[in-house]
Amino acid sequence: MRLRVPLALAAAGLLTLTACGSDEPTEAAAAGTSADGGGLTGTLTVFAAASLTDVFTDLGDQLMADNPDLTVTFNFAGSSALATQITQGAPADVFASANQTQMTVVTDAGLNSDEPTVFTENVLEIAVPADNPGDVTGLADFADADLTLAICAPDVPCGAAAEQVFEAAGITAQPDTLEEDVRAALTKVELGEVDAALVYASDVQSAGSGVQGIEFPEAEDAVNEYPITTLTAATNPDAAQAFLDLVESDAGQQALTDAGFRSPSS
Amino acid sequence: MLPLLGLLIRAPWSDLWPQLTEPQVGQALRLSLVSATLATLVSLVLGVPIAWVLARSTIPGRSVLRALVTVPLVLPPVVGGVALFLVLGRQGIIGRVLHEQFDVTIPFTTTAVVIAETFVAMPFLVISVEGALRAADARFEDAAATLGADRWTTFRRVTLPLVAPGVAAGAVLCWARALGEFGATITFAGNFPGTTQTMPLAVYLALQSNPEGAIVLSLVLLFVSLATLLLLRDRWLGRSGSPVT
Amino acid sequence: MSLHAHVVVRRGVLLVDVDLAVADGEVLAVLGPNGAGKSTVLRVLAGLLPPDGGRVTVGADVWDDDTHHLPAHERPLGMVFQDHLLFPHLSVRDNVAFGLRTRGVRRAPARATAEGWLGRVGLAGFGDRRPTQLSGGQAQRAALARALVGEPRLLLLDEPLSALDARTRLTVRAELRRHLADFAGCTVLVSHDPVDAMALADRVVVVEDGVVVQEGTPVEVARRPRTDYVARLVGLSLLPGTASGTTVALDGGGEVAVAEPAQGPVLVAVRPETVSLYLSRPDGSPRNVWPATLAGATPHGSTVRCDLAGAVPLTADVTATAFAEMGLVPGAQVWASVKASEVAVYPR
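Protein chains in written order, with this note's numbering: chain A, 323 to 588; chain B, 659 to 903; chain C, 14 to 361.
Any given hint could turn out to be false.
Said to hold, decoys possible - Listed below are several chain B residues computed to face chain A (Cβ distance under 7 Å; list not exhaustive): (1) 741; (2) 743; (3) 749; (4) 844; (5) 848; (6) 850; (7) 866; (8) 867.
Stated by the list, open to error - Label pairs and their computed distance ranges (CB to CB): (9) A/379 x B/719: 41 to 47 Å; (10) B/752 x C/68: 48 to 54 Å; (11) B/891 x C/83: 41 to 47 Å; (12) B/662 x C/176: 47 to 53 Å; (13) B/688 x A/365: 49 to 55 Å; (14) B/716 x C/132: 41 to 47 Å; (15) B/716 x C/273: 54 to 60 Å; (16) B/662 x C/132: 56 to 62 Å.
Just so you know, the hints here were simulated from the structure itself, not pulled from any lab data.
Don't be surprised by glycine CBs; every beta carbon is placed ideally from N, CA and C.
Based on the sequences and whatever the hints tell you, model everything.
Below, the structure written as structure tokens:
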């Protein structure tokens, strides 16, 4: 089931647990140089990986509730598409990538105004239909040619991660289809057309009751780190910093955890 | 035209050859050509009679049939793929029976590719043939009847030859659409090299990791389809004005 | 009598209800204006249109009745269409052979028979051509060969000459007449052209508004038309009236003297060439002299056809020379005269 952070609660958390460690709950240190909580104005544009859609939308609503004069807009897409857009000059204040590779594209172009930080992680999970018709129990089942199995194509991040775990586990996978993205793989699980698919834990979390997630130890060999940074092209750096702080706050981390992500291990 | 020009300009001409000779390219291209051709044949077998019913018969519910046949034109192909799952998937209405009674599963097979391509591409054939049938003079069919030809003979020996240019044009459109089919195919048939990975799927995935490779693949698809269409045009369409020998 | 047809078809507001009978070897022309229902009748005879009622029999075979409809392709008939409808994708020879092939004749003998028929209609050597490579007259001859090759019991001709130009029409008409004379089955010809009907048919049936208004030999129909339509077609002025001896009181006013005594309601027919025009009342006081106004004049070869308005509306043909000498212009006052012996009178 999809879990959302209650907005009022999270908003209170934001004001009491700001990253700058201010003692005064009314001082919105999250707003950076802005002296007054709720004083952020203008428009904040966040480019974020598609897997962050639900969490970031909630966090954006929260930020807008605290700052009535602020408008937060999102561009959710594949990280590589976003990186391309940013290097082509798209006007963004914040970039949150689903992997280090695409963040590197942006930092290599010198477009980050701060050092990127890893704010969350995602690990692979085995997604099976709710009734688990293939009796899948672990990663080893992916070597079973009799099962109908989906993994991501090696060209996309979840497929690259899948290759890593199979390699680490010494398993030769026997997939029936190499999906173009996580969503497509998950759809086939939801429809009951495959016995299992290898997707991210956050995807299993978002899929609802029709999909069951099975954790497996080899997932630790391909932990996906999500870096975030503010950008030199930012037109609203104060709000950008406030958003980063919110994401890294306890409330933000809780929201991510509820959505199937986990806090950075390092 | 400009996007095509863009492809040509951005093509990595220097390492074109190594890219082209990768086994996956040939595999995907062969699968694309075979499945698009099979889908066109299936569309001909199913679509021409449907077009005839739409153009000539007076059965009730004809407009409903036409609407149903043309739905794939407006449906996003991905939705079409899901719809195919719901019917032919192993949990689908028909697919469940096939799976449980005959141990036949259609998704993730080349058959599924052909079915998905047929589903999306057949409307082009049906519409084109129906138009040709409507434009053709139905009195030729009357003349054939007075010469002792029953409906089937009339259809085979008079109607079909009369609308041959329309059928050919429809088949070419259908083939081209099937060749470029992506959404329904990747949804219903999945993506596996050699079985279900057609060129458009290969292009799309290459785009994720290797944009130059994607351009090369696109060019291959572009040239092969252009060559085929030109060849067919010379054989069929270019002569539609003069008698067929 | 071999073909007996009582055809009832409702087409929108028009109810077609026509009785026809044609003997073996006989040619029946169905003459009528456009929309009279004559092509509908032909389509029913061909089996292309199931009738709403009636009965069609050929010899002892029932083709249509209340319970039975023999489809077109099972009827032993041949049909020639207005614009030939030769199949454009087949050679002329294969067009002619088509009816044999559908009836189970093998390709080679069918082609040989077709070739023979092409010779009979004067198209020997044209077998390899495409229909588009034939002239209009040649195409119509090929269409005739195609219809006759199966030795049908019924031949249907739907305006077979009307798509041809005047000169071709003349020659094709003469040939068609010859082939029809040789044909042993029944022939039904539909036309709106009286010349075709008169030249080709043994008997004429005039259909107007879905019903038969006149039937007879071509000569009878031409001489004694019963409706304005037929009268106009054959170029007669038709005047309804009431006869009393040799005098007919016209329904529209005026009197006409006739040679043959008659009684009661009659039709009076006057041929335009028997009407003379004068600028002043002619001497000798012939009985049929009427004042009239020249309503219109159209040149017609070496004569001028003059439409006259007055108590006795007539059409008169005068020579172009006389027309010029009299200085006639529309609106001119003239006297029209016709001999009583030239006036046909017959019961309505």
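Results for each hint:
The beta carbon of residue 741 of chain B is not positioned within 7 Å of any beta carbon in chain A (closest approach about 11 Å), and the interface hint is therefore violated. Nearest Cβ of chain A to the Cβ of residue 743 of chain B: about 5 Å, under the 7 Å cut. The hint holds. For residue 749 of chain B, the interface hint holds, since its Cβ comes within 7 Å of a Cβ in chain A; the closest pair sits about 4 Å apart. Hint status for residue 844 of chain B relative to chain A: holds, with the closest Cβ pair at about 6 Å, below 7 Å.
The interface hint given for residue 848 of chain B holds, since its Cβ lies 3 Å from the closest Cβ of chain A, which is under the 7 Å cut-off. For residue 850 of chain B, the shortest C-beta to C-beta distance to chain A is roughly 5 Å, which falls under 7 Å, so the interface hint holds. Given the 7 Å rule on beta carbons, the hint for residue 866 of chain B holds: about 4 Å separates it from the nearest Cβ of chain A. A distance limit of 7 Å between C-beta atoms decides the matter here; for residue 867 of chain B the minimum to chain A is near 4 Å, and the interface restraint holds.
For the hinted restraint 41 to 47 Å between residue 379 of chain A and residue 719 of chain B, the CB-CB distance of approximately 46 Å keeps it satisfied. Roughly 50 Å separates the CB atoms of residue 752 of chain B and residue 68 of chain C, a value that falls within the hinted 48 to 54 Å. Roughly 45 Å separates the CB atoms of residue 891 of chain B and residue 83 of chain C, a value that falls within the hinted 41 to 47 Å. Range check, residue 662 of chain B to residue 176 of chain C: Cβ separation about 49 Å, and the 47 to 53 Å hint holds.
About 51 Å separates the C-beta atoms of residue 688 of chain B and residue 365 of chain A, a value consistent with the hinted range of 49 to 55 Å. Range check, residue 716 of chain B to residue 132 of chain C: about 43 Å between beta-carbon atoms, so the 41 to 47 Å window is met. Remark: the range hint 54 to 60 Å for residue 716 of chain B to residue 273 of chain C is upheld by a beta-carbon distance near 57 Å. In this structure the supplied range 56 to 62 Å holds for residue 662 of chain B paired with residue 132 of chain C, their Cβ-Cβ distance being about 58 Å.
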